[in-house]
Amino acid sequence: MVEPRDAVTITPYTDGPLIVRGAAQLIDEDGRPIHRNRRTVALCRCGASAIKPWCDGTHKLSGFRTGTPEA
Numbered sequence: 433m434v435e436p437r438d439a440v441t442i443t444p445y446t447d448g449p450l451i452v453r454g455a456a457q458l459i460d461e462d463g464r465p466i467h468r469n470r471r472t473v474a475l476c477r478c479g480a481s482a483i484k485p486w487c488d489g490t491h492k493l494s495g496f497r498t499g500t501p502e503a
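Following the numbering used here, the numbering of the sequence shown begins with 433 at its first residue and continues without gaps.
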């Protein structure tokens, strides 16, 4: 499948980060834009990253689990 250049995809990785691809605008809790250096970024879901909102791989050490989706 070919995605338009401006398409944004967010992919949750099992027991890991959210991978954001495309020109998504990220906003902090105060409504300010979060600067991105890359078109593809990994967002922390475990809460243990030292560089939040970005993932630094700490989920592997912390034992973070995403669980099984409810049907």
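Keep in mind the hints are simulated off the structure, nothing from the lab.
Incorrect hints may appear among the rest.
[To be verified] Derived DEER-like restraints, expressed as beta-carbon distance ranges: (1) Thr490 - Arg470: 17 to 23 Å; (2) His467 - Arg497: 29 to 35 Å; (3) Asp438 - Gly495: 33 to 39 Å; (4) Ile451 - Ala482: 26 to 32 Å; (5) Arg453 - Gly479: 21 to 27 Å; (6) Ala482 - Ala439: 27 to 33 Å; (7) Gly495 - Val440: 16 to 22 Å; (8) Gly499 - Pro465: 28 to 34 Å.
[As the list claims (entries may be wrong)] Within a straight-line C-alpha distance of at most 25 Å, the following computed DMTMM-like cross-link-like pairs (lysine to aspartate or glutamate) qualify: (9) Lys492 - Asp447; (10) Lys484 - Asp447; (11) Lys484 - Glu461; (12) Lys484 - Asp462; (13) Lys492 - Asp462.
Glycine included, each C-beta is placed from N, C-alpha and C at the ideal position.
Structure-based check of all given hints:
Between Thr490 and Arg470, the C-beta spacing of about 19 Å keeps the proposed range 17 to 23 Å intact. The hinted range of 29 to 35 Å is satisfied by His467 and Arg497, whose Cβ atoms lie roughly 30 Å apart. Roughly 37 Å separates the CB atoms of Asp438 and Gly495, a value that falls within the hinted 33 to 39 Å. The hinted window of 26 to 32 Å between Ile451 and Ala482 is violated, with their beta carbons roughly 19 Å apart.
The hinted range of 21 to 27 Å is satisfied by Arg453 and Gly479, whose Cβ atoms lie roughly 22 Å apart. The hinted window of 27 to 33 Å between Ala482 and Ala439 holds, with their beta carbons roughly 31 Å apart. Range check, Gly495 to Val440: Cβ separation about 30 Å, and the 16 to 22 Å hint is violated. The hint said 28 to 34 Å for the Cβ distance between Gly499 and Pro465, and at roughly 31 Å that hint holds.
With a C-alpha separation of about 8 Å, the suggested pairing of Lys492 with Asp447 holds against the 25 Å cut-off. A C-alpha spacing of about 17 Å is found between Lys484 and Asp447, which places the hinted pair at or below 25 Å, so the restraint holds. Under the criterion of a C-alpha separation no larger than 25 Å, the hint pairing Lys484 with Glu461 is consistent with the structure, at around 13 Å. As the CA atoms of Lys484 and Asp462 are separated by approximately 15 Å, the hinted pair is consistent with the 25 Å bound.
With a CA separation close to 29 Å, the supplied pair Lys492 and Asp462 exceeds the 25 Å bound.
Violated hints for the displayed structure, listed by number in ascending order: 4, 7 and 13.
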